[in-house]
Amino acid sequence: MKYLLLIWAGLWRKKTRTILTMLSIIVAFLLFGLLQGINQSIKAGLGDTSNNRLWTTSRMSAINSMPISLMDKMQTVKGVRTIAHLSFFGGYFQDAKNAISAFAINVDGVATVYPELNITQAQIDAMKTTRPGALIGRPLAQKYGWKVGDKIPLGTTIWTKKDGSNNWAFDIIGIFDPSPQFANSPLGSAFWINYDYWDETRQFDNHRVHQFITQIDDPKQATAISSAIDKLFENSPDETRTQSENAALQAQLKEFADIDFIANSIVGAVMFALLFLTANTMMQSVRERIPELAVLKTLGFSGGAVSALVLTESAILCLIAALVGLLLASFAIGAVGSVLGAGTIPPVVILEGIVIAVLLAAISGLPPALRAQRLNIVDALAER
Amino acid sequence: MNIRSLPQRVGTSSVVVIGIAGVVAVLISVLAMSTGLIRTMQKTGPVNRAIVVRTGSSTELVSVLTNDAALAIADSAGVKKGADGHPLASREGLLIVNVMKRDGTEAVAPFRGFTQTGFAVHPEIKLVKGRLFQPAVAEMIVGKSAQRLYSGLDVGSQVKLRGTTWTVVGIFESGGNARESELIADLQTLNSAYQRGNGSQSVLVVLDSPNGFQTFKDAITTNPQLQVDVATEKEYGTQQSDRISKILSIVAYVVGGIMAVGAIFAALNTMYSAVSARAREIATLRAIGFGPMPVVVSVFVEALLLAMVGGSIGALIAWLLFNGHSVDTNGGGFGGQLIFDLAVTPTLVTLGIIWACVIGAIGGLFPAIRAARLPVATALRAV
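Chains C and Y, in that order, are what the protein sequence lines are.
First residue of the first sequence? That's 151 in my numbering, and the numbers climb one at a time after it.
First residue of the second sequence? That's 947 in my numbering, and the numbers climb one at a time after it.
By construction, these hints were calculated from the structure, which means they are not laboratory data.
Fair warning: there could be bad hints in the mix.
[Claimed, not checked] Partner residues aside, some chain Y positions facing chain C, computed with beta carbon under 8 Å:
no., residue
1, Ile964
2, Ser1004
3, Asn1044
4, Tyr1199
5, Gly1203
6, Ile1204
We put the CB at the ideal spot given by N, CA and C, even for glycine.
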């Protein structure tokens, strides 16, 4: 500890070099924190057992429909509390580019299964009395400036009415305020419509839905209940796939791209380049100070002590910069992460970052430290 | 002269080279994904085709066209007639089926239904192995990318899909377009196996002239019987790949940009130390009459040169590792897994080298200015 000032002075011997090296390390760890932070916090969803929702879709694919009658059978499975169902309306407003997350649902089911959406009893009742009614999320209402009482024409990419037209219009009967974690999700800005009305009006695929969302008593039973549900329909024309909500979201993301692989290879490339940089900085800094180190040795510092000084210097350099980088990453994730479903940087990533920083310091500090240890005082003082 | 002294500074200089190589490799690899995807989606056949889907359908998968509609489309103006006098219009069914990838994970593959005209409309589809499927028998042919990615789709394999057992009878290629990710069978057999009635998802027509699209579009949109959207095959491919290729570009530029900032710091570091290591040498040059300009230029050129070496190495790494590397995604609403090859194109390589030069230029500029401002007397005295 008492040598800290000495190390500190050694670190700042060449200000420009130290600052630039630190900046490079900061940038590298910022990137590490961003990529792994987003990657890990998406993954962490899998382990989240607090979620008591299961998603059931057709085993064929998520966009194949299933008979609504499956719901009665699912209700018989032990541990199942409430079931909501949902069908894609594939809606857009005015132009196909303005996609609206419109779903046909059983309103009371969805209100119970997703308490986070804060749908009120009055809104449920209003939906029941107004058959072509729509209940929409606050973010959606704000985006288009829609108010309760407006009649909104929606185009659809899928459904034709029984009369052959596809001019659908819905009366907004209520606007719900989703809790913050749902504010950015499609459900938070959903355009809910009555399944019964929609099913009677559409031309084809009647009495079928796209997805069931089951609320269960105990999240720990999720796996058992999922397989019990799938077992019910095994070998029928409508085989199902049931997963916890988090697992289903995970799988969707995984289909998009192998994020794990991309994040790991980029981080690998960055760290490899960084290793060269810091190793080089340390090597150079020691080379320039050889006479000084020789003086230290003359004063009675042992070889081990001198090499410890060098190693500590590299550790301080790497750790300070790494922590600053990780801090910046956590700010950045806080700012933009919610869009990607990642709110904060998981502690495990910070820990990983620190371990990498220590390794970086050790590997880049070791060769110059050894050199300092083996220093021959006479040769070094003579600058030979 | 700077360059001749480079070997003495291999260690320091390699920092710039490796740093920049990393930036360029990452930038090019991610953009190669986007380029490969666009290339696959926009690749069209040897003939000029248009695709017709029901109004508002964002992808083929969610479209439904009745037989009457398909007939009306085939009879529209602008559609080329085949050798037998029938219009070259292919009614196509599309659904997605669960398959296993060779690595054991589940995926969804597009399963397409063709009528007899299908192959006349898609002359680029060529069997590389086996034979075509027979109508009314549960047989299918498999695209060569799909065959590579999924397990159990070799010629002679039996595939059980929702109660029907299909036999794979052939493998085809189609000039590297999206069809190679698909399985193809007889439309009617497909419809009856999946109890889907007699409709189809889309109609593909061959246009009778390069400018025939407008004629065809007008004919179709003014026909009161039809509620359909029409696009050339290329437009359709662009629409489909737009979202995902945009996301990839954002990733490439954001990650590449952050890495570039890091590399600039590394380059500055290296060049500053190169200048300080040669302070006496530079001061000597100044003392014997060289102006500041040649000094600035020499440092600057050295930085640029190192950057270009780094950029080329990065581009080479990206090309060696990823050019032609197959990846698959299901993120763009293509309907099922789309398999495509990464494409490291000359444009991308040029872009990578430009980035490298910019990093090198910024990293070289400030140290060069410092070198020029070096007070001659003090620098000469420095031991």
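Subject >> Hint status (Cβ of Y/Gly1203 to nearest Cβ of chain C, threshold 8 Å) >> reply: Since chain C brings no Cβ nearer than about 10 Å to Y/Gly1203, farther than 8 Å, the hint is violated.
Original post:
Would the stated hint for Y/Ile964 survive a check requiring a Cβ distance to chain C of less than 8 Å?
Top reply: holds, 5 Å
Original post:
Can the hint on Y/Tyr1199 be confirmed by a CB-to-CB distance to chain C that is less than 8 Å?
Top reply: Nearest chain C Cβ about 13 Å off; hint violated.
**OP:** Report holds or violated for the interface hint on Y/Ser1004, using the least CB-CB distance to chain C and a cut-off of 8 Å.
**Re:** Holds. Min distance 5 Å.
Subject >> Hint check, Y/Ile1204 versus chain C [nearest Cβ-Cβ separation less than 8 Å] >> reply: holds, 5 Å
Original post:
With a cut-off of 8 Å, does the beta carbon of Y/Asn1044 approach a beta carbon of chain C closely enough for the hint to hold?
Top reply: holds, 7 Å
The structure shown violates the earlier hints numbered 4, 5.
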